[in-house]
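The whole structure should be built from the sequences, with the hints applied where relevant.
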Amino acid sequence: MQELIHCLKAFPVVLYDATGHTNLLFRLTRTVFAELQEEAAWTVNCIDKCRGGGFEEVFMTKADFAAKFDACLRINFKGNAIVNSSEFCLDEERWGLVEKDVQSVLQQGLSDRAKLVRVTWGRSPSNWNINEGYENFGEVLTLVGLLLSSEEKCFLLVDIGPHAENNEEAAKFRKFWGVKAELRRFRDGTIAESTVWECPPWQRHLIMKRITEYVISKHFLLSQGDIVYAVDQLDFSLHLGCKDPI
1 MQELIHCLKA
11 FPVVLYDATG
21 HTNLLFRLTR
31 TVFAELQEEA
41 AWTVNCIDKC
51 RGGGFEEVFM
61 TKADFAAKFD
71 ACLRINFKGN
81 AIVNSSEFCL
91 DEERWGLVEK
101 DVQSVLQQGL
111 SDRAKLVRVT
121 WGRSPSNWNI
131 NEGYENFGEV
141 LTLVGLLLSS
151 EEKCFLLVDI
161 GPHAENNEEA
171 AKFRKFWGVK
181 AELRRFRDGT
191 IAESTVWECP
201 PWQRHLIMKR
211 ITEYVISKHF
221 LLSQGDIVYA
231 VDQLDFSLHL
241 GCKDPI
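Residue numbers for the sequence shown, in the UniProt record's numbering: 1 to 246.
Since the hints were derived computationally from the structure, they do not count as laboratory data.
These numbers come from a predicted model, not from an experiment.
Some clues are possibly wrong.
As the list claims (entries may be wrong) - Think about it this way: if two alpha-carbon atoms lie no more than 27 Å apart in a straight line, the pair counts; the simulated BS3-like pairs of lysine-lysine are:
id : residue 1 : residue 2
1  : K115      : K62
2  : K180      : K218
3  : K175      : K100
4  : K68       : K49
5  : K218      : K78
6  : K209      : K180
7  : K175      : K153
8  : K153      : K68
9  : K172      : K115
10 : K172      : K218
Stated by the list, open to error - Pairwise CB distance ranges, derived in the manner of DEER restraints:
id : residue 1 : residue 2 : range
11 : Y16       : H163      : 38 to 46 Å
12 : G20       : G53       : 21 to 29 Å
13 : K100      : A40       : 16 to 24 Å
14 : F26       : S217      : 32 to 40 Å
15 : A40       : I5        : 25 to 33 Å
16 : V228      : S104      : 17 to 25 Å
17 : K68       : F236      : 23 to 31 Å
18 : H163      : K100      : 27 to 35 Å
Note that beta-carbon positions come from the ideal geometry of N, C-alpha and C, so glycine has one too.
Right, dumping it as structure tokens:
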């Protein structure tokens, strides 16, 4: 039992082999495990609906990364000061830490708007040699996939944080959100920290993009040009004049 407690402290996910001494999932992060659970649930549902079929669709058909998620974005960390400052780490550890940090920041920023945040590096450069280590991975874009909650949650204009009297949590909230954090009084009399994402009705589908760009830019010192969120690239085709006609 003591060994299990130590293992749970050392690894985010634990699955012992038959001997009870080796963690088969020692390289898995919590995010990857959450994705695995989501895929397993989807697989069971698909097989049930196909009534004995579905094997080829589930196990023999390759699914593109973007096709598995409701929303995707790419982040360019090339030359980023924060990534390159982790020189005390081995290359592999550095990129693992960056993945973990990106996932943590996005999960905190999006809160219950997203059920799952999956961060991964893109394909390695075609001319990459294993003997070169992971340094060239700085030139590979980071991919992020999001599984979203309900439309109602995704399009919320206001996120309510900790109450004003909770000094410690309120301070953490202000530190994370910076200039976006503001103290507001709500209709029920509650005074709490909050973030507001005001926009016209036809731009509410961009709220997730705005949150993502803000938290990534703030915490990783990136420009918005380094972040591409696939959501509004075709909006221009729906505009009449300079705005949405709806």
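Do the hints match the structure? See the list:
A hinted pair counts as satisfied when its Cα atoms are at most 27 Å apart, and K115 with K62 qualifies at roughly 23 Å. The hinted pair formed by K180 and K218 meets the criterion: a straight-line CA distance of about 11 Å does not exceed 27 Å. For a cut-off of 27 Å, the pair hint linking K175 to K100 stands: about 19 Å separates their Cα positions. Between the alpha carbons of K68 and K49 the distance comes to roughly 19 Å, so the proposed pair stays at or under 27 Å and holds.
Simply put, K218 and K78 have alpha-carbon atoms about 16 Å apart, close enough for the 27 Å limit, and the pair holds. Only pairs whose Cα atoms come within 27 Å are accepted, and K209 paired with K180 is accepted, the gap being roughly 15 Å. Proposed proximity of K175 and K153 is supported: the alpha carbons are some 23 Å apart, at most 27 Å. With a C-alpha separation of about 20 Å, the suggested pairing of K153 with K68 holds against the 27 Å cut-off.
Under the criterion of a C-alpha separation no larger than 27 Å, the hint pairing K172 with K115 is consistent with the structure, at around 22 Å. For the proposed pair K172 and K218, the alpha carbon gap of about 15 Å is at most 27 Å, so the pair holds. The beta-carbon spacing between Y16 and H163, approximately 42 Å, falls within the hinted interval of 38 to 46 Å. For G20 paired with G53, a C-beta distance near 38 Å fails the hint of 21 to 29 Å.
The beta-carbon spacing between K100 and A40, approximately 23 Å, falls within the hinted interval of 16 to 24 Å. For the pair F26 and S217, the beta carbons lie near 33 Å from each other, so the given range of 32 to 40 Å is met. Evaluation of the 25 to 33 Å hint for A40 and I5 yields a pass: the beta carbon distance comes to about 27 Å. V228 and S104 have their C-beta atoms about 21 Å apart, which keeps the hinted 17 to 25 Å range intact.
Between K68 and F236 the C-beta distance comes to about 27 Å, which sits within the given range of 23 to 31 Å. A hinted range of 27 to 35 Å for the beta carbons of H163 and K100 is consistent with their spacing of about 29 Å.
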